[in-house]
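K.L.:
If you're matching them up, the sequences are chains A and B in order. For reference, each letter of the first sequence is one residue, going 1 to 114 in this note's numbering. For reference, each letter of the second sequence is one residue, going 1001 to 1114 in this note's numbering.
You may find that some hints are simply not true.
[What the hints assert, rightly or not] Covered by chain A, according to a simulated footprint, are these stretches of chain B (three or more residues, beta-carbon under 8 Å):
(1) 1033-1044
(2) 1066-1072
[As the list claims (entries may be wrong)] Derived DSS-like pairs (lysine-lysine); straight-line CA-CA distance at most 25 Å:
(3) B:Lys1036 / A:Lys7
(4) B:Lys1113 / B:Lys1101
(5) B:Lys1113 / B:Lys1051
(6) A:Lys7 / B:Lys1101
(7) B:Lys1070 / B:Lys1101
(8) A:Lys65 / B:Lys1101
(9) B:Lys1036 / B:Lys1101
(10) A:Lys7 / A:Lys65
(11) B:Lys1036 / B:Lys1051
Rather than coming from a laboratory, the hints here were simulated on the basis of the structure. Don't be surprised by glycine CBs; every beta carbon is placed ideally from N, CA and C.
Single-letter residue listing:
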Amino acid sequence: SAVISQKPSRDICQRGTSLTIQCQVDSQVTMMFWYRQQPGQSLTLIATANQGSEATYESGFVIDKFPISRPNLTFSTLTVSNMSPEDSSIYLCSVESRFDYEQYFGPGTRLTVT
Amino acid sequence: GQQLNQSPQSMFIQEGEDVSMNCTSSSIFNTWLWYKQDPGEGPVLLIALYKAGELTSNGRLTAQFGITRKDSFLNISASIPSDVGIYFCAGSSRASSNTGKLIFGQGTTLQVKP
């Protein structure tokens, strides 16, 4: 399995500001994903980030609010823009194994918006 | 859209007891994955299932891919205190598109009484 790190691990931000979350993988992967996990809830896919192309967003998520970059095969960023308290969640990146369809998750970024 | 119904929502059991949880879907999945999430951590992959009827074990864990491809269950035998956490099922209906999108169940919170 891949080793995935995320920065920051947690942050407290003010309403109206933006936060960029970084995801680093220890090996090259084709597909990376960003999920949101609201307090006490399950995981919801925000978007799929493929290197060299625009991210594909799920229904209810838009690029202006959650811009994503994928500059290479080991790194991606997710920005949470113009934050409101409703954006308080855990944000998780995941990668898909090159050899099968298994997905592995990073430790998550716990965001609190005040 | 696709939905997964996971049950039970929570379980409080005695150490040494066996545990069973399941997920059902309104549509067919090609892959079923089971994850465990500890507080403050990202989900960790426990078992992956790829074929209808497949029964796979990982230590004290056993999971099955339902024949109809619309359900899966996870059993934990002889539970121990470190089994405490939230268990999620996730399904993928990947076909030729190779999207890798996972749909998650609502989670089963397991508490084990020593």
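K.L.:
Of all the hints numbered above, which does this structure not satisfy? Sort the numbers upward.
P.N.:
2, 4, 5
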